[in-house]
Amino acid sequence: MSNMLKAGERLRDASTGKPVSVLELLGDGGQGEVYRVSFAGTEYAAKWYFPSTATPLLRSRIERLVEKGAPNDKFLWPLSVLVKDGSNGFGYLMPLRESRYSGLSPVVRGKARATLTAVATAGIQLSDSFLQLHHKGLCYCDISFGNIFLDPRRGDIAICDNDNVTVNRDKNMAVLGTMRFMAPEVVRGESLPGTQTDLYSLAVFFFYMLMREHPLHGKKESSVHCMDDPAALEIYGKNPVFMFDPKDRSNEPHPEYHAHVELLWRLCPSYLRRLFLQSFTDGIRDPDRRVRESEWRSAFCRWRDTMVDCAACGTENSFDDSAKSAAFCWAPECGKALTAPVALKIGSITVTCRADRKLYRHHLDGSYDFSMPIAEVTPNPKDPNVKGLKNLSTAKWVVTLKDGRLRDIEPGRTISLEHARSISFGAAEGRFVHYAGSGWQESV
Amino acid sequence: MVKILSAAQKSTKWLELCESKIGKSHIMRGKPNQDANKCRHLDRGRAGLIVVVSDGHGGDRYVRSKHGASMAASITCRYLKERLAPYWDMPSAAVRVSLTELQEEVPRYLLRQWRSTVREHMATEPWTDQEKQFGWGNGPVEDAYTAYGATLLFAAALPEFILYGQLGDGDMLTVARNGAIARPIARSESSFANETLSLCSRSAEANMTLAMQRYGAGSLKPEDLPPDMVFLATDGYSNSFQNEEGFIENVAGIHDYLRSSNGYSSVKRSLPHWVENCAQSGSGDDVTVALLFPESLISRTSS
Amino acid sequence: MWKPNVTNEPALRMPGGAISARPLHFIWIADCSGSMAGDGKIEALNTAIREAIPHMVKVADENPNAELLVRAVSFSNGAQWHISQPTPIDEFRWIDLTADGGTDMGAAFEKVADQLEMPPMSERALPPVLVLLTDGQATDGVRHSLQRLHSLPWGKKAVKLAIAIGEDSDLAVLQDFINDPERKPLQANNPEALIRNIKWASTAVLKAVSNPVSSTASGGTSKKGNVALPNAPDMSDLDSNEAW
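Residue numbers (my numbering), protein chains in the order written: chain A, 1 to 444; chain B, 1 to 303; chain C, 1 to 244.
Bound-form chain A, shown alone:
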């Protein structure tokens, strides 16, 4: 309806002067419209601000973001400022978001189904990305349903609307958007957004992703008939109580509206539940007690590392090896006891060797780098039922077989899981284990 720009119109890249062609309107938000554009033979997205929003202050902020550059490739970051001949308006160029990404809302509402592995992967990528953003002294400030996307099948994330990113404790920052993801002190107007409030918003996002509900939506929310500003202020700001607060049961899940949450909470591994508990008890009142990104990243890695496929029905399950009792398949039609497949224990980390499992650098030495897997579980081309671990690194492995002999596994070669007892990766050593009742035991 109110397209500011028309298909075929020309914009200009402010730094090089090169032309940018407008192709079509993709969507709009409160501050401007997003278009698909073409620049130097490639398609990008471009945001163009409404006249009322296009202030010099905003422009200089965008220019600083362009200069700083994106923390990693998950951020659809401003690449350059765009201008239009004969106009005071401006916008910015950014990478185009692929169609495989879905917003969080369809996942929460059940329209888009995300696999457990995808959810864990999204958790890893999001915590890792925000960690890098904060390391740069920047904060995101405005997590919402509309600006973080995930691929429900693969778990990759895309972080958009980075024009609200600003330096920590920026006094010029306006508080935008709804209160849903905001830290209580921001909702109450006592504090401006910053890295500590980002941590709170991140925790809410993760809770939504795993539990498909807001952590503060218990009985109190069930009596709300319209989430207008006063209701939101009360629930998210003045009187925030966690649904599963062990000491305060006043906001327990409503049996009808929040039944799905109870189920998902029970299925959640204990080490993740602990982080949610911390975030929404101490973390509500005390910004310094909020869970840090590195803790989320470890927990999601551990969750992904210990996922198994039910031997009876094939459903993905988390396998909580910290639980004392045997785990059962959560699929309602199955419910059979889970048998963990062979796993690899490297130091304190245990990784189940399910199909498509990948090992990364942090499995060996604790430094995170997801760009290059160092190993992957792969079937034997001659017999798909036989699985092996393929060396994707540049270093040779020395494998000790079950009969005691040693084998060299050069980069590109694969060692059968059935025959190996332990692997020396160079930086670390891994032993093959299997789960027997009460714990992981070495395979003999």
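For the record, the hints were derived by calculation from the structure and aren't laboratory data.
Every residue gets a Cβ at the ideal spot worked out from N, C-alpha and C, and that includes glycine.
A couple of the hints might just be wrong.
[Stated by the list, open to error] Examples of chain B residues lying across from chain C (beta carbon under 8 angstroms, computed):
#1 H67
#2 S70
#3 S74
#4 S240
#5 Q242
Keeping the supplied structure of chain A fixed, place chains B and C upon it in accordance with the hints.
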């Protein structure tokens, strides 16, 4: 200059026309107008207008769909008025409104209110023997929502934007000043050959879809203007045309009439006949049509 | 809300395309194989269809919002349109079928599928009614053509009925055609049963389909047909002396 700007700042005043007729097939089967009481509007004076159309399912087993539709219409009007309150009164706050957030909230709270109103109704109006013949009153309460099943269509026109919403079949179209016709919400594939999504579906929250059109208040550019006409109708109307083209031409034609001289009174006079025509000689279904348009459309032509 | 006209001016002409009742396509799919020639089966079929016509006219009159359009396809060696033009029921005249040859049911399904594509079907039609009448087993492959039929949007929405004439019919194929576990093929073992079944298929079913009742989509795993049909005709009083 200042005067002109402030005149442009003045919010659009919205008008509506609505008509509803019982379908011939329902008269012959002795059924009341399933669409009755389902076209509601709420006038916010200078600030805007909400129009809601709800179509109760016509099958025999949907014994209380008339009530379901009526409840849906009034609940939706009240809820939207409350939820969108900040934007009626303070148009500049519209920069904060996010469609994604509304998409997350509106279906949730609307459905919650509708279901609780239906439950209250069930508690105070026990099932009659005739109704029990269809199996109502036997199972869990949640299954009985189906007896009240209805679709939902709405358009809420505010100073800075219009919010559209749809659950189930029915048609909602906008006509721009230059005559371009569009559907703000794409038609669902499920709505085909009399099947439809419904307020009584378990997946209703997931399937209620919203859309938003912003128009820059304070700008005089043609592309920043609000739509010239919003057309809402139950599926009995479009089903009366032989094909989609015939129906679209009809909507365009109504817009032409509206903006011609004495358009308002002649359309107001004619709409009941057109709706009756469809209800009798067309689909034979109950038909409701609602039109929403800015006052400037009328005054443009009468000056 | 509606207020009386304050002037006596006539209403404006309704703009846009013409208004019409929604088309309801009814297709007889009739087996004309050699075996139908024996025991008076084809004669019974012709008679039964003729008997049904006045009743169909009556149903159509009672449901003016549906435009009942009837045609027929026959199959023996191959399949062809016996009455190819969708004919308004009050103009419909039956042409007797004769029986000779094989049972190329698959070919008949293909012909029907061709007509259920869009176009020529319009989006605003009511669910079509397809009635399969056969006494035996198909002599050509039906799997492929049935898959095609069931994959079309109108193929899915069509109400599909099957009447097995005599006991030699392959009920499994008929059930496949119907594609709805809640609807079974009807069995006609004598002329009286055939007349009764055909009358039911062409009137009670027609009445159910004619009425523009919206119903909620059968999401999830339920495979209920989208039209709630009345119960199949009661055959308990017919003796099976004249069985086939």
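Consistency of the hints with the structure:
1. Taking 8 angstroms as the C-beta cut-off, the interface hint given for H67(B) is violated, the closest approach to chain C being about 16 angstroms.
2. Because the closest C-beta pair between S70(B) and chain C is about 14 angstroms apart, greater than 8 angstroms, the hint is violated.
3. Contact between S74(B) and chain C, as hinted, is not supported at the beta carbon level, the nearest pair being about 15 angstroms apart and thus beyond 8 angstroms.
4. Hint status for S240(B) relative to chain C: holds, with the closest Cβ pair at about 5 angstroms, below 8 angstroms.
5. A hinted interface residue such as Q242(B) counts as satisfied when its beta carbon comes closer than 8 angstroms to some beta carbon of chain C; here the least separation is about 5 angstroms, so the hint holds.
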